[in-house]
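*Asks:* Residue-level listing of the chains:
There are 2 protein chains.
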Amino acid sequence: MARTSFPLSQVYRLLEPGPVVLLTTAQNGRPNVMTMSWHTMIEFEPPLVGCVISDRNHSFGMLQATKECVINIPTVELAQKVVGCGNTSGRKLDKFRRFGLTPVPATRVAAPLIDECYAALECRLVDAKLAAKYCFFILEVLKAWVDRSKKDPRTLHHLGKGAFMVAGRTITLRSKKK
Amino acid sequence: MARTSFPLSQVYRLLEPGPVVLLTTAQNGRPNVMTMSWHTMIEFEPPLVGCVISDRNHSFGMLQATKECVINIPTVELAQKVVGCGNTSGRKLDKFRRFGLTPVPATRVAAPLIDECYAALECRLVDAKLAAKYCFFILEVLKAWVDRSKKDPRTLHHLGKGAFMVAGRTITLRSKKK
Chain A
1 MARTSFPLSQ VYRLLEPGPV VLLTTAQNGR PNVMTMSWHT MIEFEPPLVG CVISDRNHSF
61 GMLQATKECV INIPTVELAQ KVVGCGNTSG RKLDKFRRFG LTPVPATRVA APLIDECYAA
121 LECRLVDAKL AAKYCFFILE VLKAWVDRSK KDPRTLHHLG KGAFMVAGRT ITLRSKKK
Chain B
1 MARTSFPLSQ VYRLLEPGPV VLLTTAQNGR PNVMTMSWHT MIEFEPPLVG CVISDRNHSF
61 GMLQATKECV INIPTVELAQ KVVGCGNTSG RKLDKFRRFG LTPVPATRVA APLIDECYAA
121 LECRLVDAKL AAKYCFFILE VLKAWVDRSK KDPRTLHHLG KGAFMVAGRT ITLRSKKK
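For the protein sequence lines, the chains are A and B, in the order given. Heads up: the first sequence begins at 1 in our numbering, then just goes up one per residue. Heads up: the second sequence begins at 1 in our numbering, then just goes up one per residue.
These are calculated hints, taken from the structure and not from any lab test. Treat the hints with care, since some could be wrong.
Copies of the same chain look alike in the list, so a pair counts if it fits in one copy or across any two.
As the list claims (entries may be wrong) - Straight-line distance between alpha carbons at most 20 angstroms, and here's what the computed SDA-like set of lysine to any residue pairs gives:
hint, residue 1, residue 2
1, LYS151, GLY29
2, LYS143, HIS58
3, LYS151, ALA163
4, LYS178, ALA79
5, LYS150, ALA65
6, LYS67, SER175
7, LYS150, ARG169
8, LYS129, PHE6
9, LYS67, CYS135
10, LYS143, GLY100
11, LYS129, GLY168
12, LYS143, ARG91
13, LYS178, GLY160
14, LYS150, VAL166
15, LYS67, THR107
16, LYS177, GLY160
17, LYS151, GLY168
18, LYS129, ARG98
19, LYS178, ARG30
20, LYS161, GLY61
21, LYS151, ARG169
22, LYS151, GLY100
23, LYS178, THR66
24, LYS177, ASN87
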């Protein structure tokens with residue numbers, strides 16, 4: 001991936017359309033990755049992201065312990081790997097090796113970027129008040145990366161039971177809003 | 001709209017792909033509508049939805065006061081109205097009249113359904129603990145409606161500054177997951 005820095009003020013434009021993401025964590029030098037669709041922007045800048053990570057997921061404990069993760073955004077070419085990461089557990093498996101994903105060092109956190117993804121957001125856990133009740137975490141994006149050669153990234157949008165909507169055409173209307 | 005009841009256990013399949021939605025509220029017999037992209041599923045069943053409503057929005061106070069709203073899901077045919085609702089305030093304007101949207105009575109809440117939308121979720125506010133700090137609300141979906149004649153709804157997915165991704169094709173992979 002031809003990674004270039006992406007302005008934090010524009011991160012909402014990557015996450016608002018609702019793509020499936022691959023969340024990476026790392027603990028004691030071992031990286032893990034999970035598939036996630038339950039996320040939302042919370043604030044523009046500094047960009048805050050809310051997300052649900054089930055306490056049945058290995059990543060739940062890893063995020064709680066390390067307070068760091070990376071949100072990686074895959075495109076349709078990675079669909080099989082995305083489903084694979086969603087159907088397996090990092091407790092038993094090195095998912096990077098199993099699914100042929102390449103961990104790349106991040107700059108602000110120990111969790112790795114995934115080289116095959118077109119964008120990546122290095123995040124720090126800033127609020128876990130709703131973690132016990134709803135498994136809901138609030139993350140601050142510290143650093144964002146994007147492959148600018150992907151003009152209209154064909155992101156995946158989960159419809160349930162193995163079905164995904166693939167990002168279609170873009171339309172532009174006059175708007176005063178961000 | 002040919003509205004039929006939709007199982008609560010399947011609501012995540014409408015919201016996970018990240019569509020722009022129109023959130024309706026009603027107070028003292030006056031309905032309002034706002035455009036919203038910052039939402040996420042929180043729990044499958046009963047379905048819980050987390051969403052951010054800025055305290056600059058008229059709907060913020062209306063939801064706090066009435067504890068009820070409807071999440072309506074529009075398709076691309078409504079793009080101009082969606083942008084219009086996002087660029088105006090219900091403090092000064094009857095947006096239903098201005099943008100030619102038709103309010104239809106809901107069954108469980110006072111806020112109206114929008115007849116032109118292909119799906120609608122009647123919601124009750126169940127947790128506002130993060131409202132003061134993040135304008136974040138947790139809603140429970142009490143009743144869901146969908147127009148089953150729309151097989152592949154061309155939902156809108158906000159990319160910022162008036163740009164929207166329109167839902168594209170659907171792919172299906174083998175998966176053990178919901």
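*Asks:* Between copies, within a copy, both or neither: which fits LYS150 and VAL166 at Cα up to 20 angstroms?
*Replies:* both (15 angstroms within a copy, 17 angstroms between copies)
*Asks:* Within, between, both or neither: how does the pair LYS151, ALA163 come out at a Cα-Cα threshold of 20 angstroms?
*Replies:* The answer is between: 13 angstroms across copies meets 20 angstroms, while 24 angstroms in one copy does not.
*Asks:* Under a CA distance limit of 20 angstroms, which applies to LYS143 and GLY100: within one copy, between copies, both, or neither?
*Replies:* Neither: 25 angstroms inside a chain and 42 angstroms across chains, both beyond 20 angstroms.
*Asks:* Classify it for me, LYS129 with ARG98: is the Cα-Cα distance of at most 20 angstroms met within a copy, between copies, both or neither?
*Replies:* For LYS129 and ARG98, the Cα distance exceeds 20 angstroms both inside one copy (34 angstroms) and across copies (41 angstroms).
*Asks:* Is it within, between, both, or neither for LYS151 and GLY29, if the alpha carbons may be no more than 20 angstroms apart?
*Replies:* neither (34 angstroms within a copy, 46 angstroms between copies)
*Asks:* Given identical chains, is LYS178 near GLY160, meaning Cα to Cα at most 20 angstroms, within a copy, between copies, both, or neither?
*Replies:* Answer is between; shortest inter-copy Cα gap is 5 angstroms, intra-copy 30 angstroms.
*Asks:* Measure nothing new, just compare the shortest in-copy and cross-copy C-alpha distances for LYS177 and GLY160 to 20 angstroms and report within, between, both or neither.
*Replies:* between (31 angstroms within a copy, 8 angstroms between copies)
*Asks:* One pair to classify: LYS178 and ALA79, alpha carbons no more than 20 angstroms apart. Within, between, both, or neither?
*Replies:* Only across copies: LYS178 and ALA79 sit 16 angstroms apart there, 30 angstroms inside one copy, limit 20 angstroms.
*Asks:* Are the CA atoms of LYS177 and ASN87 at most 20 angstroms apart within a copy, between copies, both, or neither?
*Replies:* between (38 angstroms within a copy, 7 angstroms between copies)
*Asks:* Using 20 angstroms as the alpha-carbon threshold, which applies to LYS178 and ARG30: within, between, both, or neither?
*Replies:* neither (39 angstroms within a copy, 28 angstroms between copies)
*Asks:* Given a CA cutoff of 20 angstroms, do LYS178 and THR66 count as a within-copy pair, a between-copy pair, both, or neither?
*Replies:* neither (33 angstroms within a copy, 28 angstroms between copies)
*Asks:* At most 20 angstroms between CA atoms: does that hold for LYS151 and GLY100 within a copy, between copies, both, or neither?
*Replies:* neither (25 angstroms within a copy, 35 angstroms between copies)
This entry does not satisfy hints 1, 2, 5, 6, 8, 10, 11, 12, 18, 19, 20, 22 and 23, going by the numbered hints stated previously.
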